[in-house]
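Engineer: So the chains spell out like this:
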Amino acid sequence: MHSFGYRANALLTFAVTILAFMCAIASFSDNFSNQTPSAQIQILNINWFQKQPHGNDEVSLTLNITADLQSLFTWNTKQVFAFVAAEYKTSKNSLNQVSLWDAIIPEIEHAKFWIQISNKYRFIDQGHNLRGKDFNLTLHWHVMPKTGKMFADKIVMSGYRLPDAYR
Amino acid sequence: MDWQGQKLAEQLMQILLLIAAVVAFVAGYTTASFRTMMLIYAGGVGVTTLITVPNWPFFNRHPLKWLDPSEAEKHPKPEVAVSSKKKSSKK
Numbered sequence: 001m002h003s004f005g006y007r008a009n010a011l012l013t014f015a016v017t018i019l020a021f022m023c024a025i026a027s028f029s030d031n032f033s034n035q036t037p038s039a040q041i042q043i044l045n046i047n048w049f050q051k052q053p054h055g056n057d058e059v060s061l062t063l064n065i066t067a068d069l070q071s072l073f074t075w076n077t078k079q080v081f082a083f084v085a086a087e088y089k090t091s092k093n094s095l096n097q098v099s100l101w102d103a104i105i106p107e108i109e110h111a112k113f114w115i116q117i118s119n120k121y122r123f124i125d126q127g128h129n130l131r132g133k134d135f136n137l138t139l140h141w142h143v144m145p146k147t148g149k150m151f152a153d154k155i156v157m158s159g160y161r162l163p164d165a166y167r
Numbered sequence: 001m002d003w004q005g006q007k008l009a010e011q012l013m014q015i016l017l018l019i020a021a022v023v024a025f026v027a028g029y030t031t032a033s034f035r036t037m038m039l040i041y042a043g044g045v046g047v048t049t050l051i052t053v054p055n056w057p058f059f060n061r062h063p064l065k066w067l068d069p070s071e072a073e074k075h076p077k078p079e080v081a082v083s084s085k086k087k088s089s090k091k
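Respectively, the protein sequence lines represent chains A and B.
The letter at position 50 of the first sequence is residue 50 when you use the UniProt record's numbering, and the numbering goes up by one with no holes.
The letter at position 12 of the second sequence is residue 12 when you use the UniProt record's numbering, and the numbering goes up by one with no holes.
Label-pair ranges, simulated between beta-carbon atoms:
| id | chain 1 | residue 1 | chain 2 | residue 2 | range |
| --- | --- | --- | --- | --- | --- |
| 1 | B | T31 | A | H110 | 16 to 24 Å |
| 2 | B | V22 | A | D134 | 50 to 58 Å |
| 3 | B | P57 | A | I25 | 34 to 42 Å |
| 4 | A | S3 | B | T30 | 38 to 46 Å |
Derived by calculation from the structure, the hints in this document are not laboratory data.
The beta-carbon is built from N, C-alpha and C at its ideal position, and this holds for glycine as well.
The whole structure should be built from the sequences, with the hints applied where relevant.
Structural biologist: Given below as structure tokens:
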């Protein structure tokens, strides 16, 4: 502590170390938040359902997505990334997961929403297994923090079924 | 700074930074504002820097007693004895 530079260096190092601890505790405090998200997805319409020339099935859907993700936001949340995936089983794969829609929710005000769109990303199978297929629509989310650990979870909604024949 | 001053400066620095961190965290957590926590902590770091880094007079209350130059002449530095054994010839 004998010189200006020495004291400045010691102060800066200690300040940054304490800052790291504060961020770690802030991230840890996320574990105590009470999270009660809810969501509903309706398939309004099957726009078309075809077998592509190269042999894979493809379907286009119009979805109505309603969700309330406001309880996921804490003081340490930067944004929430949400996506909807169609999940189903085939003889070739025990789990197929096809992302149909995603969004970045930057603020808590935007976290309670209702949206009606056709699928943002194409729903293409590996093969032609989609006729009459039962599938789940799952809303996944990643809560991205300002500092620390990212939390991810999902809501599985089942009971959806594709038509038995191409349209 | 004298020795006591240096010790005081180090202790003050550590205590002030810890207090700033605790106040900042509690304020940020209770207002659910990360930004508040960062701003209060940055302010605390700034204040601590102003208090502990510059060479303020209150850090120099027990000044070191340096010898007077005339005193130093009365106590000359001892001469280093030159040993002939050290001058071994290397050719």
